[in-house]
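K.L.:
Required output: the full structure, derived from the provided sequences and hints.
Chains as they are written, first to last, in the working numbering: chain A, 109 to 373; chain B, 109 to 373.
Wrong hints could be hidden among the right ones.
Copies of the same chain look alike in the list, so a pair counts if it works inside one copy or between any two.
Stated by the list, open to error - No farther apart than 30 Å at their CA atoms in a straight line, the calculated lysine-lysine pairs in the DSSO-like style are these:
1) K168 x K354
2) K129 x K206
3) K146 x K129
4) K354 x K171
5) K129 x K372
6) K146 x K372
7) K345 x K320
8) K134 x K206
9) K354 x K220
10) K134 x K120
11) K128 x K138
12) K138 x K186
13) K128 x K220
14) K345 x K143
15) K134 x K147
16) K219 x K354
17) K297 x K354
18) K372 x K291
19) K320 x K354
20) K354 x K372
21) K320 x K143
22) K354 x K186
23) K206 x K143
24) K345 x K128
25) K123 x K143
26) K138 x K297
27) K354 x K146
28) K345 x K123
For the record, the hints were derived by calculation from the structure and aren't laboratory data.
Protein chains: 2
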Amino acid sequence: MLLSNYKTRGKKPMKYIESKKNDEIKQIAKLSSTKYIKKTGTYLIEGFHLVREADANDQKILKILVTENHEDDRLVKKYYDNAIGISDDVAQSLSETKTPQGIFAVIEVQKKEELTDLSGQWVMLSDVQDPGNVGTIIRTADAAGYDGVITSLDSADFYQPKVQRSMQGSQFHLPIYRMDLHKAIDLAKESGLIVYGSEVNDQAESYTELEKTSDFAVIMGNEAHGLTEDVLEKTDKNIYIPILGKAESLNVAVAAGILLYGLKI
Amino acid sequence: MLLSNYKTRGKKPMKYIESKKNDEIKQIAKLSSTKYIKKTGTYLIEGFHLVREADANDQKILKILVTENHEDDRLVKKYYDNAIGISDDVAQSLSETKTPQGIFAVIEVQKKEELTDLSGQWVMLSDVQDPGNVGTIIRTADAAGYDGVITSLDSADFYQPKVQRSMQGSQFHLPIYRMDLHKAIDLAKESGLIVYGSEVNDQAESYTELEKTSDFAVIMGNEAHGLTEDVLEKTDKNIYIPILGKAESLNVAVAAGILLYGLKI
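P.N.:
Next up, the structure:
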């Protein structure tokens, strides 16, 4: 094993791991799988933007891993006792991208209180399966100032790396829950929210025709099949986006963007 | 080589290719690269939806390739003289997906007249680089009834497989051009279109405040850097989407969806 080049600044030298076959690295690499995230209650984030967002939003950073060119970064200094120097080879093995930025952190999955009441504006996802779509919709809900997002148990899990890359740290800005969608809809209705289903059918109304309201939930459906019958039956009203050209439909994340903004402004 | 199981229906037996190392298959596989698409003037499309769209929109289908389970498909009968039976192994080698549908077509790149005048509503992309974003924006422009899309020369090329998967056949519904963006903006202005740049700056106006107009072009910028100074200087007005929460920005395809619908309805 090579000696670390990290300056010690009078402290004990930072731990340095060169091989991707190292046991600790192998454990960390497992944190891209939903199973291990659930088991350990921790997940891996990658890149400066996300690690800085986690720090800025008071998330518990358990480990920070950096390649040598980042040894003087403010975050590395702040979390020095939990910092590990890694080789480019290790960085590549942990990364989701071809050219890793060389900074990772292991953080705690946020503990959430059980939802007992909803207020304001919520987005619900019914079996949205593409990780990019789930992450992008959460980011859009954040941008549009929604109060939270609830995904069904069959939607892509939000701690997996591809969802995270699309969320861009929005998981630190608004509450995101994964739960039985029927329970979530019941809760929304008991809390006095109007529940909109995004779907084209005979009873649907164009989102442009709706009277604006301040407390509502809007449900987006699966990429291929939309909303299921049993979810549609529970909604108060179904809304659609008019297709003005020849496309058969819109991408679900784009549709969410149009509705999330359209229902507010 | 196995004998084909295709029924010949009194015609000569359909050509059957079992190996992905076959010369014709190797040539077809190259059609996922921009270089070969340009060289041959043809490209490869995949899946029932796209092949049916190509047929329904009178595109020139040069070859159709199908696995055995699709031998009775209407399209295979229609293009029987240009049909090739392929093994699952060949289908997998040509496919962009893990579970190919087993139908492909080689079609001609559409010949387009040179643009000399623009009218109606156009979308322009300035160096949008993610193939999924380019394809999704073209699909959205189609859905929102725009008259065409122009991408800069540094945007992702629209005949590559990932763009196509996101376009979902919209290339058959509205004209899409790839050209020098400055020339495109000049042309739009000469044609009397108002040119909007999507950008947050001091002179920008919220899209919600704009007076609606029937002839305009809206330019979306690069994922990381937005619009360049020289493009911004040429626009008539810059418009932005208000961020109501804590996200720093929106995904460019989502932003395009909000603006493309917001500018029309």
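K.L.:
For every hint, state whether the structure bears it out.
P.N.:
Hint check:
1. Taking the closest pair of Cα atoms, K168 and K354 come within 30 Å of each other only across two copies (20 Å); inside a single copy the shortest separation is 49 Å, beyond that limit.
2. For the identical chains of this complex, K129 and K206 are neighbours both inside a copy (19 Å) and across copies (28 Å), given an alpha-carbon limit of 30 Å.
3. Taking identical chains as interchangeable, the C-alpha atoms of K146 and K129 lie at most 30 Å apart only when both belong to the same chain, with a minimum of 23 Å there against 44 Å between chains.
4. Taking identical chains as interchangeable, the C-alpha atoms of K354 and K171 lie at most 30 Å apart only when they sit on different chains, with a minimum of 25 Å there against 51 Å within one chain.
5. For the identical chains of this complex, K129 and K372 are neighbours neither inside a copy (51 Å) nor across copies (56 Å), given an alpha-carbon limit of 30 Å.
6. Proximity of K146 and K372 under a CA criterion of 30 Å is satisfied in neither setting, with 35 Å inside one chain copy and 45 Å between copies.
7. Taking the closest pair of Cα atoms, K345 and K320 come within 30 Å of each other both inside a single copy (13 Å) and across two copies (29 Å).
8. When the C-alpha separation of K134 and K206 is checked against a cutoff of 30 Å, the pair qualifies both within a copy, at 19 Å, and between copies, at 27 Å.
9. Taking the shortest Cα distances, K354 and K220 sit within 30 Å of each other only across copies (19 Å), while inside one copy they are farther apart (44 Å).
10. Taking CA atoms no more than 30 Å apart as the test, K134 paired with K120 passes inside one copy only; the shortest distance there is 24 Å, against 58 Å between copies.
11. Taking the closest pair of Cα atoms, K128 and K138 come within 30 Å of each other only inside a single copy of the chain (12 Å); across copies the shortest separation is 35 Å, beyond that limit.
12. When the C-alpha separation of K138 and K186 is checked against a cutoff of 30 Å, the pair qualifies only within one copy, where the shortest distance is 26 Å, while the shortest distance between copies is 50 Å.
13. Taking the shortest Cα distances, K128 and K220 never come within 30 Å of each other, neither inside one copy (33 Å) nor across copies (52 Å).
14. In this homomeric assembly, K345 and K143 never come within 30 Å of each other (Cα to Cα): the closest approach is 37 Å inside a single copy and 50 Å across copies.
15. When the C-alpha separation of K134 and K147 is checked against a cutoff of 30 Å, the pair qualifies only within one copy, where the shortest distance is 15 Å, while the shortest distance between copies is 46 Å.
16. In this assembly of identical chains, K219 and K354 lie within 30 Å of each other by CA distance solely across copies; the values are 20 Å between and 45 Å within a copy.
17. For the identical chains of this complex, K297 and K354 are inter-copy neighbours only, at 27 Å across copies versus 36 Å inside a copy, given an alpha-carbon limit of 30 Å.
18. Proximity of K372 and K291 under a CA criterion of 30 Å is satisfied intra-copy only: 25 Å inside one chain copy versus 37 Å between copies.
19. For the identical chains of this complex, K320 and K354 are neighbours both inside a copy (29 Å) and across copies (22 Å), given an alpha-carbon limit of 30 Å.
20. For a Cα distance limit of 30 Å, the shortest separation of K354 from K372 qualifies both inside one copy, at 27 Å, and across copies, at 16 Å.
21. For a Cα distance limit of 30 Å, the shortest separation of K320 from K143 qualifies neither inside one copy, at 41 Å, nor across copies, at 50 Å.
22. Taking CA atoms no more than 30 Å apart as the test, K354 paired with K186 passes between copies only; the shortest distance there is 24 Å, against 54 Å inside one copy.
23. Within a single copy, K206 and K143 get their C-alpha atoms as close as 25 Å, and across copies as close as 22 Å, so both meet the 30 Å cut-off.
24. In this homomeric assembly, K345 and K128 never come within 30 Å of each other (Cα to Cα): the closest approach is 53 Å inside a single copy and 51 Å across copies.
25. For a Cα distance limit of 30 Å, the shortest separation of K123 from K143 inside one copy, 28 Å, qualifies, whereas the shortest one across copies, 47 Å, does not.
26. Taking the shortest alpha-carbon separations for K138 and K297, neither the intra-copy value of 39 Å nor the inter-copy value of 54 Å comes in at or below 30 Å.
27. In the homo-oligomer, the alpha carbons of K354 and K146 lie at most 30 Å apart only across protomers (27 Å), although the nearest pairing inside one protomer, at 43 Å, exceeds that limit.
28. Taking identical chains as interchangeable, the C-alpha atoms of K345 and K123 are never at most 30 Å apart, the minima being 57 Å within one chain and 53 Å between chains.
The structure does not agree with the numbered hints 5, 6, 13, 14, 21, 24, 26 and 28 stated previously, though it agrees with the rest.
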